[in-house]
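> Start from the sequences, fold in the hints, and give me the full structure.
Chains as they are written, first to last, in the UniProt record's numbering: chain A, 1 to 340; chain B, 1 to 338.
Worth flagging that the hints you see were computed from the coordinates, not collected in a lab. A couple of the hints might just be wrong.
Stated by the list, open to error - In silico EDC-like pairs for lysine to aspartate or glutamate, Cα to Cα no more than 16 Å straight-line: (1) B/Lys135 <-> B/Glu103; (2) A/Lys133 <-> A/Glu176; (3) A/Lys92 <-> A/Asp36; (4) B/Lys104 <-> B/Glu94; (5) B/Lys323 <-> B/Asp236; (6) B/Lys280 <-> A/Asp206; (7) B/Lys280 <-> A/Asp227; (8) B/Lys153 <-> B/Glu212; (9) B/Lys153 <-> B/Glu103; (10) A/Lys207 <-> A/Glu184; (11) B/Lys323 <-> B/Glu257; (12) B/Lys323 <-> B/Glu333; (13) B/Lys135 <-> B/Asp150; (14) B/Lys280 <-> A/Asp203; (15) B/Lys158 <-> B/Glu147; (16) B/Lys153 <-> A/Glu278; (17) A/Lys268 <-> B/Glu257; (18) A/Lys133 <-> A/Glu120; (19) B/Lys153 <-> A/Glu280; (20) A/Lys268 <-> B/Asp236; (21) A/Lys202 <-> A/Glu178.
Said to hold, decoys possible - Just the calculated beta-carbon pair ranges, DEER-fashion: (22) B/Ser156 <-> A/Glu89: 49 to 57 Å; (23) B/Glu147 <-> A/Asp244: 43 to 51 Å; (24) A/Ile314 <-> B/Glu257: 31 to 39 Å; (25) B/Lys158 <-> A/Asn283: 17 to 25 Å; (26) B/His138 <-> A/Leu67: 46 to 54 Å; (27) B/Ala15 <-> A/Arg305: 23 to 31 Å; (28) A/Arg301 <-> B/Ser56: 43 to 51 Å.
What the hints assert, rightly or not - If the Cβ cut is set under 8 Å, some of the chain A residues that face chain B in the computed set are: (29) Leu144; (30) Ser160; (31) Gly161; (32) Ser192; (33) Val193; (34) Leu219; (35) His224; (36) Leu259; (37) Pro263; (38) Pro265; (39) Arg270; (40) Glu273.
Don't be surprised by glycine CBs; every beta carbon is placed ideally from N, CA and C.
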Amino acid sequence: MSDTPVFEVRDIRKDYVLGKPGLFGGKLRTLAAVRDVSFTLCRGETVGLVGESGCGKSSLARTVLRLNEPTGGEVRYHGQNILDLPKAEMQKLRRHIQVVFQDPYSSLDPRFTVRRILSEPWQVFPEIVPPEKREARVAELLSLVGLNPSDADRYPHQFSGGQRQRIGIARALALEPEVIVCDEAVSALDVSVQAQVVNLLKDLQDKLGLAYLFIAHDLSVVRHISDRVIVMYLGQVVEEGPTDEVFRNPRHPYTVALLSAVPLPDPKRRNREVIVLEGEVPNPIFPPAGCPFHPRCAHARDICRSTLPPVRKIGEASARCHFADELDISGIAPTIEHES
Amino acid sequence: MRAMQQSETQGAAPAPLLDVRDLRVTFDTPHGLVRAVGGVSWTLSPGETLGIIGESGSGKSVGLEAIMGLIKTPPGHVSGQVMFDRRDVLTMPERDRRQLRGEKIAMIFQDAMSALNPSLTVGTQIAEVYRLRRKCSHADAERKAIELMDRVKIPSAKTRIGNYPHEFSGGMCQRVMIATALALNPQILIADEPTTALDVTVQRQIMTLLAELQREDGMALVLITHDLGLVAETVDRAMVMYAGRLVESAPVSALFEVPSHPYTRGLIRSMPRIDGASGKLHAIGGTPPAAGRMPKGCAFHPRCEMRVERCGIERPNLRPVGKNRAAACHLAEEIPHV
Ligand SMILES: Nc1ncnc2c1ncn2[C@@H]1O[C@H](COP(=O)(O)OP(=O)(O)OP(=O)(O)O)[C@@H](O)[C@H]1O
Ligand SMILES: Nc1ncnc2c1ncn2[C@@H]1O[C@H](COP(=O)(O)OP(=O)(O)O)[C@@H](O)[C@H]1O
Ligand code: SF4
Ligand code: SF4
Ligand SMILES: [Mg+2]
Ligand SMILES: [Mg+2]
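Here it is as structure tokens:
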């Protein structure tokens with residue numbers, strides 16, 4: 001892993017403006033889906049992004065890909081802010097930053113053969129693979145993702161979910177990107193197939209130096225694949241740091257609760273102490289004042305209800321909690337190395 | 001399984017509440033006959049929590065739906081026996097069966113939001129079954145609905161009783177479905193991936209609730225899930241399905257320690273762990289067979305690291321392999337630790 005940042009996201013914001021005027025007493029409501037999120041991806045690096053549904057993971061993904069127009073912030077690719085780029089130039093740049101979505105069923109056009117699906121992007125970027133080499137390149141891509149070159153003539157519906165996800169990855173690779181955003185890319189897969197796809201992503205990273213933004217609600221997969229991890233709550237980063245550090249020694253009460261909720265595949269430890277987080281994520285249109293987590297936080301004090309906590313750096317990690325360096329909470333997370 | 005159950009009943013073990021014998025489900029499709037469940041036998045004891053795991057398409061849902069009488073026939077075809085209270089559920093008249101459903105055995109599903117009727121208030125949906133079956137007044141039914149909503153911990157039940165499903169979160173919809181299922185005090189609750197669509201924090205709430213309800217009512221629970229963690233934390237006994245058949249059944253602690261089937265072992269080893277180090281996952285190669293294209297011999301043999309010549313020829317039957325355990329593998333006694 002080298003240290004030149006390939007992809008840098010600075011204070012990115014995404015507000016959705018909701019409803020017609022008049023709906024809420026004449027005022028337009030805004031939903032702050034992503035609030036000042038920053039991270040850096042180096043070559044060969046994976047940043048994991050976790051949080052409950054609705055916390056803004058997909059909004060962040062779509063915004064850094066410019067599939068959503070951002071409300072503020074910067075997204076730099078090799079130092080160049082891609083948010084300033086005119087549409088045409090952005091189109092050219094897109095080949096370097098690809099995306100794999102969750103749903104292997106709906107993200108592939110059912111009318112096209114796999115060959116067509118994989119070579120379609122070269123219509124837009126003919127310089128990547130000259131026409132006479134395309135046939136061979138399709139075969140190569142299929143082998144790379146563990147499919148058979150003869151699969152090129154088949155249609156998406158003739159594949160299993162895991163195989164379709166591989167086709168989605170192959171399509172992303174067709175443009176030889178440097179960055180791949182994986183939004184719940186393995187979430188719909190069975191564990192045995194999920195393991196194949198996760199291993200594939202790691203192999204490709206080792207071989208090609210790809211950088212991943214890996215979004216998933218499954219914390220175990222994220223721990224497995226990520227170098228760094230970001231925990232989001234109501235559009236905001238509440239904790240961030242090297243994966244091992246965050247999982248072994250979480251500082252934010254939300255991270256601890258999230259980790260504690262994950263069931264362990266170890267019947268001997270089923271009676272361990274866990275945190276059952278009460279309630280649900282509040283409506284993001286009306287986020288709580290102060291620390292957005294305070295209505296569900298067991299450690300909340302007066303200051304939490306009025307004042308947004310600053311980001312506190314602790315070693316290489318950081319947490320947005322007033323008491324991040326005081327609370328003694330990490331022991332409860334199920335992160336102790338499994339011993340048996 | 002048969003043999004296993006006999007050895008169980010020799011002790012003081014209670015008679016099974018549910019006794020499933022050679023259950024088979026097939027579907028007529030334009031591409032030919034699909035064998036979704038290929039002859040499974042198992043029992044459920046009163047108050048027991050039984051987990052069913054296996055890959056997508058392995059026949060988990062179809063098997064339980066067949067027991068509930070939810071398979072449309074045709075194109076479906078169900079055979080075998082399902083004994084409950086000394087009667088065969090599969091052959092009883094539809095009226096009795098409807099009575100049994102809800103009253104004795106209830107089922108909840110993964111996608112609670114779409115399983116509920118979008119045009120009825122949650123209160124009506126919870127109360128209606130109770131009102132019709134217990135022939136009580138609307139007012140009594142509403143009182144019951146509020147009581148049930150309290151039981152499943154829906155906050156401010158009294159005011160939320162008039163809400164529609166779309167005004168509820170996924171987790172709250174699942175609570176509504178559980179309340180509906182509990183209305184008639186069933187002895188068995190079948191939960192088909194009740195938390196798969198929910199966040200882990202909400203999953204933890206729902207599973208805690210189910211355990212509490214079970215403790216209070218002594219209800220047996222059949223939990224279908226993909227999540228091995230959930231199985232490890234929740235169930236007494238687990239059954240593993242592959243390609244429409246049971247390949248292993250064991251007390252959950254034994255299953256995780258020393259599986260008796262290479263597929264079970266493969267599943268456990270392919271799982272990334274929240275408490276473990278990273279490194280390569282031990283993926284099981286290949287994919288499950290397509291329904292209608294079952295391999296000869298052991299259905300798992302094309303993917304099995306341990307296969308021997310015999311595996312491609314002779315289908316292993318489910319057989320007892322130690323205390324309260326059964327497995328369908330020629331080499332069941334030789335499977336290494338996880
Ligand atoms: N109505 C139907 N017609 C034809 N085949 C069907 C029908 N319903 C189910 N099947 C097939 O029966 C098999 C078992 O399906 P089932 O729904 O029980 O799987 P499952 O184990 O519950 O999977 P999942 O984990 O994805 O829910 C599959 O091959 C499925 O395609
Ligand atoms: N196009 C949109 N218009 C309005 N609100 C949206 C839109 N997309 C997402 N949201 C809202 O933004 C928040 C974040 O959503 P999303 O990014 O999809 O979360 P996640 O991917 O973490 O589940 C949610 O409250 C969601 O309802
Ligand atoms: S700032 Fe207060 S409410 Fe927020 S996480 Fe920290 S202790 Fe809890
Ligand atoms: S019978 Fe043979 S192929 Fe089947 S699981 Fe056992 S060892 Fe593997
Ligand atoms: Mg999303
Ligand atoms: Mg199912």
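> Now tell me, hint by hint, if it's right for this structure.
Consistency of the hints with the structure:
1. Between B/Lys135 and B/Glu103 the alpha-carbon distance is near 14 Å, which keeps this suggested pair within the 16 Å criterion.
2. Of the supplied pair hints, the one linking A/Lys133 and A/Glu176 holds, its CA atoms being roughly 15 Å apart against a limit of 16 Å.
3. For the suggested pair A/Lys92 and A/Asp36, the alpha carbons sit about 27 Å apart, so the restraint of at most 16 Å is broken.
4. Between B/Lys104 and B/Glu94, the direct Cα distance comes to roughly 15 Å. Compliance with the 16 Å bound is thereby established for this hinted pair.
5. Between B/Lys323 and B/Asp236 the CA atoms are separated by roughly 14 Å; this keeps the pair inside 16 Å, and the hint holds.
6. Under the criterion of a C-alpha separation no larger than 16 Å, the hint pairing B/Lys280 with A/Asp206 is consistent with the structure, at around 12 Å.
7. The hinted pair formed by B/Lys280 and A/Asp227 meets the criterion: a straight-line CA distance of about 14 Å does not exceed 16 Å.
8. Note on B/Lys153 and B/Glu212: the hinted pairing holds, with a Cα-Cα distance of about 11 Å set against a maximum of 16 Å.
9. Between B/Lys153 and B/Glu103 the alpha-carbon distance is near 22 Å, which puts this suggested pair outside the 16 Å criterion.
10. The hinted pair formed by A/Lys207 and A/Glu184 fails the criterion: a straight-line CA distance of about 22 Å is larger than 16 Å.
11. For the suggested pair B/Lys323 and B/Glu257, the alpha carbons sit about 14 Å apart, so the restraint of at most 16 Å is met.
12. Pair hint B/Lys323 plus B/Glu333 holds up; C-alpha atoms about 13 Å apart against a cutoff of 16 Å.
13. A C-alpha spacing of about 22 Å is found between B/Lys135 and B/Asp150, which places the hinted pair above 16 Å, so the restraint is violated.
14. Of the pairs offered as hints, the one joining B/Lys280 and A/Asp203 holds, with about 10 Å between alpha carbons and a cut-off of 16 Å not exceeded.
15. The hinted pair formed by B/Lys158 and B/Glu147 meets the criterion: a straight-line CA distance of about 9 Å does not exceed 16 Å.
16. At most 16 Å may separate the alpha-carbon atoms for a hinted pair to count; B/Lys153 and A/Glu278 meet this at roughly 11 Å.
17. Taken as a hint, the A/Lys268 and B/Glu257 pair is honoured in the structure, with Cα atoms around 10 Å apart against an allowance of 16 Å.
18. Among the hinted pairs, A/Lys133 with A/Glu120 is consistent with the structure: their alpha-carbon atoms are about 14 Å apart, no more than 16 Å.
19. At most 16 Å may separate the alpha-carbon atoms for a hinted pair to count; B/Lys153 and A/Glu280 meet this at roughly 13 Å.
20. Only pairs whose Cα atoms come within 16 Å are accepted, and A/Lys268 paired with B/Asp236 is accepted, the gap being roughly 12 Å.
21. Taken as a hint, the A/Lys202 and A/Glu178 pair is honoured in the structure, with Cα atoms around 14 Å apart against an allowance of 16 Å.
22. Under the hint 49 to 57 Å, the C-beta atoms of B/Ser156 and A/Glu89, about 54 Å apart, fit the expected range.
23. Taking 43 to 51 Å as the suggested C-beta distance range, the pair B/Glu147 and A/Asp244 conforms, at roughly 48 Å.
24. In this structure, A/Ile314 and B/Glu257 meet the distance hint of 31 to 39 Å, their C-beta atoms being roughly 38 Å apart.
25. For the pair B/Lys158 and A/Asn283, the beta carbons lie near 21 Å from each other, so the given range of 17 to 25 Å is met.
26. With their beta carbons about 50 Å apart, B/His138 and A/Leu67 fall inside the hinted range of 46 to 54 Å.
27. Look at B/Ala15 against A/Arg305: about 57 Å separates their beta carbons, and that is not inside 23 to 31 Å.
28. Taken as a hint, the range 43 to 51 Å holds for the pair A/Arg301 and B/Ser56, whose Cβ atoms sit roughly 46 Å apart.
29. At a threshold of 8 Å, the smallest CB-CB gap from A/Leu144 to chain B is about 16 Å, leaving the interface hint violated.
30. Below 8 Å, beta-carbon pairs count as interface contacts, and A/Ser160 has one with chain B at about 5 Å; its hint therefore holds.
31. Taking 8 Å as the C-beta cut-off, the interface hint given for A/Gly161 holds, the closest approach to chain B being about 7 Å.
32. Nearest Cβ of chain B to the Cβ of A/Ser192: about 4 Å, under the 8 Å cut. The hint holds.
33. The interface hint given for A/Val193 holds, since its Cβ lies 7 Å from the closest Cβ of chain B, which is under the 8 Å cut-off.
34. With its C-beta approaching chain B no nearer than about 6 Å, A/Leu219 sits inside the 8 Å limit, and its interface hint holds.
35. Nearest Cβ of chain B to the Cβ of A/His224: about 4 Å, under the 8 Å cut. The hint holds.
36. Because the smallest distance between the Cβ of A/Leu259 and any Cβ of chain B comes to about 7 Å, under 8 Å, the interface hint for this residue holds.
37. Because the closest C-beta pair between A/Pro263 and chain B is about 3 Å apart, less than 8 Å, the hint holds.
38. The interface hint given for A/Pro265 holds, since its Cβ lies 5 Å from the closest Cβ of chain B, which is under the 8 Å cut-off.
39. Because the beta carbon of A/Arg270 sits about 5 Å from the nearest beta carbon in chain B, less than 8 Å, this interface hint is met.
40. Proximity of A/Glu273 to chain B is violated relative to the hint, the smallest CB-CB distance being about 13 Å (cut-off 8 Å).
The structure fails to meet hints 3, 9, 10, 13, 27, 29, 40 from the earlier list, while all remaining hints are met.
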